[in-house]
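So the chains spell out like this:
There are 2 protein chains.
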Amino acid sequence: MAKGITPKEENYSQWYNDIVLKADLAENSAVRGSMVIKPYGYAIWEKMQSVLDGMFKETGHENAYFPLFIPKSFFSKEASHVEGFAKECAVVTHYRLKKDEKTGKIVVDEEAKLEEELIVRPTSETIIWDAYKNWIQSYRDLPLLINQWANVVRWEMRTRLFLRTAEFLWQEGHTAHETKAEAIKEAELILGVYADFAEKWMSMPVLQGVKSTNERFAGAIETYCIEALMQDGKALQAGTSHFLGQNFAKAFDVQFLSRENQLEYVWATSWGVSTRLIGALIMSHSDNNGLVLPPKLAPIQVVIVPIYRSEEQLAAISEKVEGIVKELKAKGVSVKFDNRDTRKPGFKFSEWELKGVPVRLAIGPRDLENGTVEVARRDTMEKENLQIADISEKIVHLLEKIQDNIYRKASTFRDDNTFYVDSWEVFKQKIKEGGFVYAHWDGTSETELKIKDETKATVRLIPIDGKKEEGKCIYSGNPSYRRVVFAKAY
Amino acid sequence: MAKGITPKEENYSQWYNDIVLKADLAENSAVRGSMVIKPYGYAIWEKMQSVLDGMFKETGHENAYFPLFIPKSFFSKEASHVEGFAKECAVVTHYRLKKDEKTGKIVVDEEAKLEEELIVRPTSETIIWDAYKNWIQSYRDLPLLINQWANVVRWEMRTRLFLRTAEFLWQEGHTAHETKAEAIKEAELILGVYADFAEKWMSMPVLQGVKSTNERFAGAIETYCIEALMQDGKALQAGTSHFLGQNFAKAFDVQFLSRENQLEYVWATSWGVSTRLIGALIMSHSDNNGLVLPPKLAPIQVVIVPIYRSEEQLAAISEKVEGIVKELKAKGVSVKFDNRDTRKPGFKFSEWELKGVPVRLAIGPRDLENGTVEVARRDTMEKENLQIADISEKIVHLLEKIQDNIYRKASTFRDDNTFYVDSWEVFKQKIKEGGFVYAHWDGTSETELKIKDETKATVRLIPIDGKKEEGKCIYSGNPSYRRVVFAKAY
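So the protein sequences, as listed, match chains A and B.
Per the numbering used here, the very first residue in the first sequence carries number -9; after that it's consecutive.
Per the numbering used here, the very first residue in the second sequence carries number -9; after that it's consecutive.
Hints in this document: simulated from the structure, not taken from any laboratory.
There's no promise every hint is true.
Which copy is meant is left open, because identical chains are indistinguishable; a pair holds if it fits in one copy or across any two.
Mimicking BS3-like on lysine-lysine, the simulated pairs with C-alpha atoms at most 27 Å apart in a straight line are [claimed, not checked]:
id: 1; residue 1: Lys462; residue 2: Lys123
id: 2; residue 1: Lys89; residue 2: Lys67
id: 3; residue 1: Lys310; residue 2: Lys47
id: 4; residue 1: Lys175; residue 2: Lys240
id: 5; residue 1: Lys47; residue 2: Lys37
id: 6; residue 1: Lys103; residue 2: Lys88
id: 7; residue 1: Lys95; residue 2: Lys77
id: 8; residue 1: Lys103; residue 2: Lys89
id: 9; residue 1: Lys(-7); residue 2: Lys103
id: 10; residue 1: Lys286; residue 2: Lys458
id: 11; residue 1: Lys(-2); residue 2: Lys373
id: 12; residue 1: Lys47; residue 2: Lys338
id: 13; residue 1: Lys478; residue 2: Lys442
id: 14; residue 1: Lys384; residue 2: Lys37
id: 15; residue 1: Lys47; residue 2: Lys286
id: 16; residue 1: Lys37; residue 2: Lys286
id: 17; residue 1: Lys440; residue 2: Lys103
id: 18; residue 1: Lys310; residue 2: Lys326
With the hints as extra help, turn the sequences into a complete structure.
In structure tokens, the structure reads:
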């Protein structure tokens, strides 16, 4: 067990915080609720960004950038949106500071008060649709497929590194379409992109579905989502894609001349994933030795530690390592040779385990004689000695194996913690223990809220591919035609 | 001349705005002073980011992310910094809105007033050095070489798209070092990176030097800069790199245990370039037909326009074009086949000229017969007919030629507008006409400010490689030992 990491069985929440801090991913800042993302954590985010950005562009989207500040009045234009977002937010009221004549301190200059307050964006639908009004005149201007990488601020009262912070980084897509069908298709396309990213890159299995009315995005007609199961049995919403109908087009009066020469309101979607995904990554794979990263998102995929007693030994090892590094880089593997002479091998082993580097190579003088290298996998902690001769090929293969293995492990965990339940007593018990619970629900917000009150569980999603099945609501006993997924959630 | 673009000879400032708007780079938003960067403009920024990010990583830097908000008190910690930055800034005073009971309108909730106001970062030295305090204990933790890509806000009264906006995008490097010499070396290294980027990627020649006291960054000991000459004879500061001495380390009490086991204050640098570079790019190369982009930063390097009258002709052309596109892409050239059937070739030609695409190919039925294609260069507007057979190789070569040519053109312009002046009358005349004026200066702020009052010119920089030369100050007649560069500036 790594030094300073609380065992997850003892206190999962503390284990999570320990991992974030000890693996040097992020830390709290002097500003309440705002985190500092440290280089190692940011490197993971950069990998995520780069892959997602490629997927968005591959599906025809372009990036743009819209203002950080949103005039207060914009929020009031879409009725349910203001309910959801204008409440807990950072408000800019002044644009100047000055030196107080008496105290000599820096104070807000009351003369520099804004006529209309500005909100630091919690999400950008309003400011973006205000711009789209001028960009869209005819069906020829559609579809408009735009994404933005940005910081947003939501004044959360209880914050946790990556999972819920006042400021966070994300991407937000905002698209405009001619028809309802096309907009729904877009929202579903992006859901697929998110699910692919979660499963193939993060090795994190996800369920796909739509949200209940209670959990829907403020301003959406339908919210599609992917949900993953964390190791403590709680669900985590990993990405959402919203079909917004014509709500924002009507709020900002965005009409277009259709192919039939009619003025019509534009159909919209919006969708986003955030730095929260790093929290999901941690809670999907990591263990009591620290972080476990899927190779495809690991900033360093292979670390090489030399074992030596003399300068001559280090020189001989370094020469051998140089060749290995070159070969690995040529195969697109990111590799670090940790030749710090201020640290012992044992220290380095723990450090790279803590940081979740998927593969560690160790080479000592005896290995040089035998032409071997010790290869350690982070996911299983297994070691074996391999011939150096074709090492790079084997490593590439091993990285793929690790990527698959941690996906399989997470899938097995999820399957083992997925329950089909028909009795209220069993429901309460399963929710308490943790996991995804498939149960019948009468579809009313009233029942959902009562279940939440009694168990803390919410409807995580209504499965997209859910089979029709006659049944009775787990709570009210009223008729139900399909099962939905309940869980406690982050 | 392109439709809707004011000739630059008539009104340079209007010409600039027309280019930004008509080439679809950016536009003003509903928020005073904040711009929307449109997809085509953002694509240029993405290219810039990608190249610069690679250069920073190549020189050992890592990315991280620090909070958007800075507690007001942080600014007061470094005396000259607060003078420079705390004045015109966006101040967050509240964290909640509510519905007014009487009017039903959304208003600021006065009960949700922050104990200490938060400033939206105008630059991040203070919040970053507050974090560094915990990151640095020993010389082993140094150097710390960190960069951040972020948005910043400075409440500018007069804004212009890209050149001066309330919110802008930039990168800011913040490094910490053991010794003064090492920090100075870092500041100079980055100056070199910026100059390389400007000249080799933007095709924009720059002067390198240091700022006078008046023009120095608030909190810096020395500000290094690159300065470029715009087509209207005004200078533009394109990037700065600051040697901060121990100012921020002292303000935030960041000490480290040195190799000699002594507690010492850390030495610092900071450096940045911003979306302003897009403004510089426009004003370095563009003409009355629109944008002219250096091929290395052009989102689309080659556009192909089919000339046809019938569906059959288009089909035959498309087949040929497909091969060309494939070949070009294989060579790393970004290419667009503009097969829109809603627009005529002439319209497309103007549009891509306006957007600065470096090379345009046009192919019609006769070309198919002859195995030729018409190749038009954006920089010289020259056209020639070339054989399709080895077209991709020729295009790659042509793109390099264009990159060089626009650099040479900008260099010639700068040389033609660089003057060595020893008389006050000539000085005033040359400054009025525009250009870089090398003149003697007595080195005092007093003289610099008087010159600024009378001519609007400032010392743009003191050349790094400036030769010693005895002379008399152009204004005061006091002794001077080298020439400095004066100009009016953006």
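Quick rundown of the hints versus the structure:
For a Cα distance limit of 27 Å, the shortest separation of lysine 462 from lysine 123 qualifies neither inside one copy, at 47 Å, nor across copies, at 60 Å. When the C-alpha separation of lysine 89 and lysine 67 is checked against a cutoff of 27 Å, the pair qualifies only between copies, where the shortest distance is 14 Å, while the shortest distance within a copy is 38 Å. In this assembly of identical chains, the alpha carbons of lysine 310 and lysine 47 lie at most 27 Å apart only when taken from different copies (25 Å versus 41 Å within one copy). Taking the shortest alpha-carbon separations for lysine 175 and lysine 240, only the intra-copy value of 21 Å comes in at or below 27 Å, while the best inter-copy value is 57 Å.
Taking the closest pair of Cα atoms, lysine 47 and lysine 37 come within 27 Å of each other both inside a single copy (16 Å) and across two copies (14 Å). In this assembly of identical chains, lysine 103 and lysine 88 lie within 27 Å of each other by CA distance both inside one copy and across copies; the values are 13 Å within and 19 Å between. Proximity of lysine 95 and lysine 77 under a CA criterion of 27 Å is satisfied inter-copy only: 13 Å between copies versus 31 Å inside one chain copy. Within a single copy, lysine 103 and lysine 89 get their C-alpha atoms as close as 16 Å, and across copies as close as 21 Å, so both meet the 27 Å cut-off.
In this assembly of identical chains, the alpha carbons of lysine -7 and lysine 103 never lie at most 27 Å apart, being 52 Å within a copy and 42 Å across copies at closest. For the identical chains of this complex, lysine 286 and lysine 458 are neighbours neither inside a copy (37 Å) nor across copies (56 Å), given an alpha-carbon limit of 27 Å. In the homo-oligomer, the alpha carbons of lysine -2 and lysine 373 lie at most 27 Å apart inside one protomer (24 Å), although the nearest pairing across protomers, at 69 Å, exceeds that limit. Taking the shortest alpha-carbon separations for lysine 47 and lysine 338, only the inter-copy value of 23 Å comes in at or below 27 Å, while the best intra-copy value is 39 Å.
Proximity of lysine 478 to lysine 442 under the C-alpha cut-off of 27 Å is restricted to the intra-copy arrangement: shortest distance 9 Å within a copy versus 66 Å between copies. With identical chains, the CA atoms of lysine 384 and lysine 37 are at most 27 Å apart within one copy only, with a shortest distance of 23 Å there and 35 Å across copies. For the identical chains of this complex, lysine 47 and lysine 286 are neighbours both inside a copy (19 Å) and across copies (20 Å), given an alpha-carbon limit of 27 Å. For the homomeric pair lysine 37 and lysine 286, the shortest alpha-carbon distances inside one copy (8 Å) and between copies (24 Å) are both at most 27 Å.
For the identical chains of this complex, lysine 440 and lysine 103 are neighbours neither inside a copy (45 Å) nor across copies (34 Å), given an alpha-carbon limit of 27 Å. In this assembly of identical chains, lysine 310 and lysine 326 lie within 27 Å of each other by CA distance solely inside one copy; the values are 14 Å within and 46 Å between copies.
In summary, the structure is inconsistent with hints 1, 9, 10, 17 from the numbered list given earlier, while agreeing with the others.
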